[in-house]
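Student: Letter by letter, the chains look like this.
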Amino acid sequence: KQEVTQIPAALSVPEGENLVLNCSFTDSAIYNLQWFRQDPGKGLTSLLLIQSSQREQTSGRLNASLDKSSGRSTLYIAASQPGDSATYLCAVAEDYGQNFVFGPGTRLSVLP
Amino acid sequence: DGGITQSPKYLFRKEGQNVTLSCEQNLNHDAMYWYRQDPGQGLRLIYYSQIVNDFQKGDIAEGYSVSREKKESFPLTVTSAQKNPTAFYLCASSIGASPQPQHFGDGTRLSIL
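From first to last, the protein sequence lines stand for chains A and B. For the first sequence, counting from 1, position 36 maps to 36 in my numbering; every step adds exactly one. For the second sequence, counting from 1, position 44 maps to 156 in my numbering; every step adds exactly one.
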């Protein structure tokens, strides 16, 4: 059964730092992987989706990489801002038609 | 603006009571999903529907029921059989079957009185 973990559970950094959030999954045979942002008391907002054939995706200051063979994905946030403070979740889908398996999230605080 | 609307934002349930959470979308998406989120855990799938008048159980369907009579609506009923219903409930939709990108509502927080 696919399991998704995210380390660290919480992270606090000063404004302006570049940072990396980690996502690990136990079964490397995935269809795609998605990164989400969740603000307190709100739903999830999709940030990036990486297909299994891709190595990375970029959107503005965000860059997500995927290493299927090692069962890992990283979300890189450049020049962090207080507005980036939120919980970041990753989710993997094992095949077309299979539902996403979500990680528990990393709670990020960017201090001004 | 297109999106997903969940209501109410906060809901309280008495012992032995069934409550229904509303989820409406105007994105013209075929698939809809209900998730439960507990502190420190990832989202867990309760039910999903890929087409009107059809739905499937997710990983934690016991104590819950759904209907999909209209494309834009996917209400979730938390029955009295669900012994630990306190959680944050999220509804999502996607243009096609998973694993297409999912769009989420703002959630309903359910508490026990």
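Treat the hints with caution; some may be incorrect.
Capping the alpha-carbon separation at 27 Å, the derived lysine-lysine pairs in DSS-like fashion look like this [to be verified]:
#, chain 1, residue 1, chain 2, residue 2
1, B, 182, A, 42
2, B, 195, B, 121
3, A, 68, A, 1
4, A, 1, B, 182
5, B, 126, B, 169
6, B, 169, A, 1
7, B, 195, A, 1
8, B, 183, A, 1
9, B, 121, B, 183
10, B, 121, B, 169
11, B, 169, B, 182
12, B, 183, B, 126
13, A, 42, B, 183
14, A, 1, B, 126
15, B, 182, B, 121
16, B, 169, B, 195
17, B, 183, B, 169
18, B, 182, A, 68
Think of the hints as simulated: they come from the structure by calculation, not from any bench.
Student: For this structure, which hints from the list above don't hold up?
Tutor: 4, 8, 12, 14 and 18
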